[in-house]
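J.: Sequence:
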Amino acid sequence: MVTVALCQMCCAVGDIAGNARRMAAFARTARDRHGADVIAFPELAITGYPPEDLLLRADFVRRAQSAVEDLAAQCPDIDMLVGLPWAQDGRLYNAVAWVHAGVIAELYRKQILPNYGVFDERRYFAAGDKPLVRTVAGSAIGVTICEDLWEPGPVARAVGAGGAIVINVNASPYHRDKDRLRLKVAAARARESGATLAYVNMVGGQDELVFDGMSFVMDGRGEAIVRAAAFTEDLVIVRFAPDGTVLAGPKAAWPNGEHALYEALKLGLADYVERNGFETVVLGLSGGIDSAVTLALCRDALPHAALYAVMMPSRYTQAMSIEDARSEATALGLDLAVVPIDAAYEALAATLGDLWDGPGQGLAAENLQARIRGTLLMTIANAHRGLVVVTSNKSELAVGYTTLYGDMAGGYAPLKDVFKTDVYALARYRNGLGMVIPERVLTRAPSAELRCDQKDSDSLPSYDMLDAVLARYIEQDWDAEQLIAYGFERPMVAEILRLVRAAEHKRKQAPLGTRVTQRAFGRDWRYPVTVSYEPPST
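Read left to right, the sequence shown gives residues 0 to 537 (numbering that gives the first Met the number 0).
Watch out, some of these pointers could steer you wrong.
[Stated by the list, open to error] The list that follows gives simulated cross-link-like pairs (lysine-lysine, BS3-like), each with its CA atoms no further than 27 Å apart:
1) K183 to K129
2) K250 to K183
3) K250 to K177
[Stated by the list, open to error] Label-pair restraints from in silico Cβ distances:
4) K250 to A72: 29 to 37 Å
5) D176 to L362: 36 to 44 Å
6) G433 to D478: 17 to 25 Å
7) A363 to M319: 40 to 48 Å
8) T350 to Y532: 36 to 44 Å
9) G433 to G152: 45 to 53 Å
10) A104 to T28: 16 to 24 Å
11) N381 to P339: 41 to 49 Å
12) A86 to A424: 44 to 52 Å
13) A382 to Q360: 26 to 34 Å
Hints are computed from structural coordinates only; laboratory data are not their basis. Glycine included, every Cβ here is placed at the ideal spot set by N, Cα and C.
Throw the hints in and build the complete structure from the sequences for me.
T.: Structure follows, in structure tokens:
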């Protein structure tokens, strides 16, 4: 029997020494408390993932390799699978060091390098081509890395080299329903090879990415019989027979739907704020749905942070907006700061004089209000050495229904990859845990309240319709003809796609936000700002 510890851990990018210390502690716990023979850590665990252009610095790679050698010497009584960048013969590899008896005994080099979406590993790494299988306590164990699982070759080669158990180490970022997709792919590899697959994933937030954990072990029939926790660190102890049969291991429940989405957003926000050293968070409340959900996320994700909720009413702000904002703050145990902006607006308007007498003055007047609010929030954050959390959603950012240096001003946007219709679903989910968002906020017509009696529907289709078009256009690459053939009206499609193209310059200046779909406005959205191409049929 072999006992394997799958260490689903949070690895901070660049914190080589800190990651190594935590790995040593996990290894000692696995060995001393659970009798583990082998402990497997996530992909590039020593450096965190993705290290991006840090990998181009030779000193960074040398420090990572040296740290793994030191880690090996500290833990001579347990085999370890440690993800690291490995430089050799002028090439850099995404590798796993198999540590045995206090030294790096062998190396596995990742064979399939992803170069799509948020991944650009071919920028940094060369591909390996050889399997690695070693025998521990009578069990032959093979190693693969993340994308190696998504094509048949690497697992087949590991099994062909004698592996009865294949450990796949990962830094696989979350998007909605990613757990189902992973299980489907792993089941295909398990059934093809007949091997037992042990999948260990990273957990935690890194800029726009969030890693959900959800490690698992799958038998040769394609059944996930061991599951680690979701969205938190976990040390999973699994006992195998020599032929790979699982003898014992836990099976945690995994969240889905809005529950999983909310947990992903919490984790991404919490790790961004904490790892970047912020102790204070500032956000503007409007009485609307986006700021209400963002406030709840901030309080839930950052229970110990100083949280400033600021309402900045103007002459166009309805009384119920202030009432609802106050109710939201009170429900979460916060005071609401109310800072009217009319005096600042009048002062700036007087300063501008006739300089803003032009055809766009109406829109400029609306945007000036948003920019006053952004300036106030940034000033409060500066004074308290804090972070402004932006409340914009994906629908607004897609069509440009947001103001540069106004409501876009800030350092992190938790809802950046969440469509407006999903914001409503999150609000209902959060209220199911405890009422923090007034029902009126969910039922009243959304409005920016930048002019008299303004409603979002004055400028946009209904959010149900808008999001249906945007999801297909952005995330599934549908073109105009496909959208029209599906049943959307041609004029509406043409206008939405025009707005998306026109807003590219805003998206280029948007703050980071947690990626929760297969295509967010970040690493996996790379459209030019200056472009003359017009898609057909629009």
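J.: Is 36 to 44 Å right for how far apart the beta carbons of T350 and Y532 are?
T.: For T350 and Y532 the Cβ distance comes to about 41 Å; the hint holds.
J.: Mind checking the alpha carbons of K250 and K183 for me, to see if they're no more than 27 Å apart?
T.: Answer holds: K250 to K183 is near 18 Å, not above 27 Å.
J.: For the range 44 to 52 Å, tell me whether the beta carbons of A86 and A424 fit it or not.
T.: Since the Cβ atoms of A86 and A424 sit about 47 Å apart, the hinted range of 44 to 52 Å holds.
J.: Is the straight-line distance between the alpha-carbon of K250 and that of K177 27 Å or less?
T.: 18 Å, holds
J.: State, for the Cβ atoms of N381 and P339, whether the hinted interval 41 to 49 Å holds or is violated.
T.: At roughly 21 Å between Cβ atoms, P339 and N381 fall outside 41 to 49 Å, so the hint is violated.
J.: If I claimed the Cβ atoms of D176 and L362 lie 36 to 44 Å apart, would that claim hold in this structure?
T.: 39 Å, holds
J.: Take the C-alpha atoms of K183 and K129, compute the straight-line distance between them, and say whether it is at most 27 Å.
T.: 25 Å, holds
J.: Is 16 to 24 Å a correct range for the gap between the Cβ atoms of A104 and T28?
T.: With Cβ atoms ~22 Å apart, the hint holds.
J.: Taking the Cβ atom of A363 and the Cβ atom of M319, is their distance within the range 40 to 48 Å?
T.: About 27 Å separates the Cβ atoms of A363 and M319, which means 40 to 48 Å is violated.
J.: Taking the CB of G433 and the CB of D478, does the distance hold inside 17 to 25 Å?
T.: Since G433 and D478 have Cβ atoms about 44 Å apart, the given range 17 to 25 Å is violated.
J.: That 45 to 53 Å hint for G433 and G152 (C-beta), does it hold up?
T.: At 49 Å between Cβs, range holds.
J.: For the pair A382 and Q360, does the Cβ-Cβ distance stay inside 26 to 34 Å?
T.: For Q360 against A382, whose Cβ atoms are near 32 Å apart, the range 26 to 34 Å holds.
In summary, the structure is inconsistent with hints 6, 7, 11 from the numbered list given earlier, while agreeing with the others.
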